[in-house]
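S.K.: Here the protein sequences line up with chains A and B, keeping their order. Letter by letter, the first sequence follows residues 1 to 331 in my numbering. Letter by letter, the second sequence follows residues 332 to 840 in my numbering.
I should point out that these hints are in silico values taken from the structure, not numbers from a laboratory. By construction, the Cβ of each residue, glycine as well, lies at the ideal position given by its N, Cα and C atoms. Some hints could be false.
[Said to hold, decoys possible] So the derived label-pair ranges between C-beta atoms look like this: (1) A/GLY233 with B/ASP672: 29 to 37 Å; (2) A/ALA153 with B/GLY698: 52 to 60 Å; (3) B/THR569 with A/ILE5: 53 to 61 Å; (4) B/VAL423 with A/GLY141: 29 to 37 Å; (5) A/LEU309 with B/ARG350: 19 to 27 Å; (6) B/GLU705 with A/GLY141: 52 to 60 Å; (7) A/ALA42 with B/GLU639: 17 to 25 Å; (8) B/ARG447 with A/VAL22: 54 to 62 Å.
[Said to hold, decoys possible] Residues from chain A shown here face chain B by an in silico Cβ test under 7 Å; the list is partial: (9) LEU201; (10) GLN292; (11) THR293.
The lines below spell out each chain.
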Amino acid sequence: MKEWIARVARQREFMIFVIVAVVAVAMTFSSPHFLTTGNILALLLGLSIEAIVVVAMTNLMVSGGFDMSVGSVLAFTSATTATFLRMGMPVVFAVLIGLSFGAIIGLINGFFVAKVGLNPFVTTLSGLSLYRGLTLIITGGQNLAGLPHSFRAIGQPRFFGVQTPIIIALVLIVLGDLLLRNSRFFRQFYYIGGNEKAARLSGIRVDRLKMLSYVLTGLFAAVAGVVMTSRLGAASVTAGTGMELRVITAVIIGGASLQGGEGSVLGSFLGILLMGLILNALNLLGVSVYWQTFVVGATLLTAVVIDRLGKLKNEGQLVLPRFRLARKTTQ
Amino acid sequence: MADYILEARGMVKTFPGVRALDGVDLQLKTGEVHALVGENGAGKSTLMLTLGAIHKPDAGTILIDGRPVSLASPHDANVQGISIVFQELSLVPSLSIAENVFANRQPVNRFGMLDRKKLQRDTSDMLKLFELDCLDPSTLVKDLSISNQQVVEILKAMSVNPKVLILDEPTSSLTETEVEQLFVNIKRLKQQRGISFIYISHHLAEVFRIADSVTVLRDGRKVCDAAVKDIDEEFLITNMVGRKIDNMYGVRAPADAIGDVLFEARNISRGDDFKNVSFSVHSGEIVGFSGLVGAGRTEVGRAIFGAEPIESGELYMDGKPLSIRRPQDAIARRVGYLSEDRKSQGLFLNFSIKANLIANHLSDFTGNTPFIQESKVNEFSRARVKDYRIVSRSVDQELKFLSGGNQQKVLVGAWFGINPRLLIVDEPTRGVDVGAKSEIYALLRNLARQGVGIIMISSDLMEILGVSDRIVVMQSGRIVGQIDGKDATEEKVIAMAAGSLSADGGCEE
């Protein structure tokens, strides 16, 4: 039991959980508005769209990949789905077509990375412009409103007072964490991120799985796009702008690295929760909104510095002054 | 003039949980080559890094020319005349020879810009030292052969005019002729420049070829030092390991009969890599693949495993055609391949021992569910760690914290884990110390005893001769001879491997 506690305490998730808890407790005492159902739901709803994307991005980054195009894919899916709906296509078909666009874009990204051997950053950076550009072309830069009432059933109802985007995000997070953590199939992504060559020689179908990880990322960005469009009742051409950076930031705060091989969905979710919480706190405390972006940067830097120090200490490269003092007294 | 150009007294260095150096003394005479030997983890590297001021010792004195010196940084060590040639090449492949040799010390003109003419000239002067003035100093390092890259590495260390040059396993990536060239260079520097060397090596044979004296380390302590002319290899092994090793290469009991033909390759070819290669492996047999580096042995091994394609020819298992297109096909047919490069291709260094042990057969740990069952993984991993005597804190320890020998045992354990029928092992003991070597040989022999066929690719001739039941010799992508293990001698194998090829010199580019 003691061993189990020590193991949990060493996990990155635990560290972030503690920070989240500390911030939450501090906020409860600092602001009477914090611990209210309304505020907590608003907080979760605000981050639910990005939380959906975080699930697939974690899987992708565990495998050593990277996707800068998710925000644009979200907008593109949103625009195409809305366009088909306005043409009178049944909701189910419009949504399925929108989702398959996301998956196809993921397949294109994955093909260039895994088969052609392009750098993931460069490939998806092109995607960032390509699909935002396509969105602008098909919408003519106009937001698309006037969507059928039945489409709103995806993002607007509440169950027990909780909005559906929150429920969808939480279900995907729990499912994603379980699969990535324990399933044989998804564990293969860790091996690919840990050492691609060794993974290949271990009989893991590296190229195929890498493509799949991009397909999933595209698909999840599309899901986020559909949920968001339904929630707002309109497709916005600027939807998801800058989202890729917030999502990647959350995944890294949650314990993943750009090299791959580490990270978990739970950690990433706690990462995005922490960022949402801090922004919420700044709002409630009346701090100028201009500070928000700054604080996100500071949080990311702090998280990776703490992580780095922990690793150095493990490897015995970080010699803290007190070690030397202790030795002098014994000699 | 002091007796010793470099002397270290009572060096102590502790890492959390490990006393890497425990009062080590080292004495280096002027103009000698002093070998430093010991098993992995004996403290050789730590001592070297301490002398180079990359690690700061907890206690101990370093004397240069009899004067105590305090080395605060690698730069200090350079100024005092100590320079290290690292095992892993520290060159920038995309820069020229000249810019690598004078990295960060390039001559500049009065505007602070690179003085390219002087840079070229100085580098040419240094290349002359190794009779490599045929090389243009502006050649990019990536276009050089490995041995010439190593010369550049040595020149880089030489550019600070050292009195003492420390070489860390300099031959680990060199072919036999390149090793010969390195030794010529060492002797030249010793005689012409009076430079003293500390030579760290796993290959005891090299100690006898190049060193004048030797210090043996074990578990962070100095065991003994000696003049090389007074000792033999057995003396070194006994002192390194702390016990006598009989039958280093394991023995085949008379009862271990070699069975029927298990695996056969017929006329497999791929471009210039290998041509019309045919051979068979019987069950219970260890077939050694010998030959020079680049003879095509690794290519054949990887092709059989499906890591690289075969253009023509067939494979057979139990007399039936064997179709392998990728590694997972091979694993499904219980054919394993243990890569020659465990760090970059074999292992997941940032992952735990257990994650590495199960990597190539994850589905054995799921039962009938999609999920990996932690208890099965732990049970399997703990048994392997115990069986193979993998020295570690727990199965959760990350692999990068293990010694080379223990890492290799994890790799062996992972491949034994697929219950192979045919196992291809490529350089199974590269960079592994004597004790772990003999354990790995015993494991391989034990596996063969259970009826597995083993193909052992190795550049270590003593290992080929000691372990193989049959030896296949390759040269330039073809099999040039096969010889029964009992009849094989060093001379016969070398004669086949070298064939009519002439030794290549340093200026082949």
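S.K.: If a hint holds in the structure, say so; if it doesn't, say that too.
M.R.: Here is what the structure says about each hint:
The hint said 29 to 37 Å for the Cβ distance between A/GLY233 and B/ASP672, and at roughly 57 Å that hint is violated. In this structure, A/ALA153 and B/GLY698 break the distance hint of 52 to 60 Å, their C-beta atoms being roughly 40 Å apart. Separation of B/THR569 from A/ILE5 is about 47 Å and departs from the stated range, judged on CB atoms against 53 to 61 Å. Roughly 48 Å separates the CB atoms of B/VAL423 and A/GLY141, a value that falls outside the hinted 29 to 37 Å.
Taking the beta carbon of each, A/LEU309 and B/ARG350 are about 24 Å apart, inside 19 to 27 Å as hinted. Checked against the given bound of 52 to 60 Å, the beta carbons of B/GLU705 and A/GLY141, roughly 53 Å apart, stay inside it. At about 57 Å, the beta-carbon gap between A/ALA42 and B/GLU639 misses the expected band of 17 to 25 Å. Taking the beta carbon of each, B/ARG447 and A/VAL22 are about 58 Å apart, inside 54 to 62 Å as hinted.
Interface restraint check for A/LEU201: the shortest CB-CB distance to chain B comes to about 6 Å, inside 7 Å, so the restraint holds. Annotation: A/GLN292 was flagged as interfacial toward chain B, and the flag is violated, the nearest CB pair being 34 Å apart, outside 7 Å. At about 32 Å, the closest approach between the beta carbon of A/THR293 and any beta carbon in chain B exceeds 7 Å, and the interface hint on this residue is violated.
Figure legend: structure checked against the earlier numbered hints; hints not met, in rising order: 1, 2, 3, 4, 7, 10, 11.
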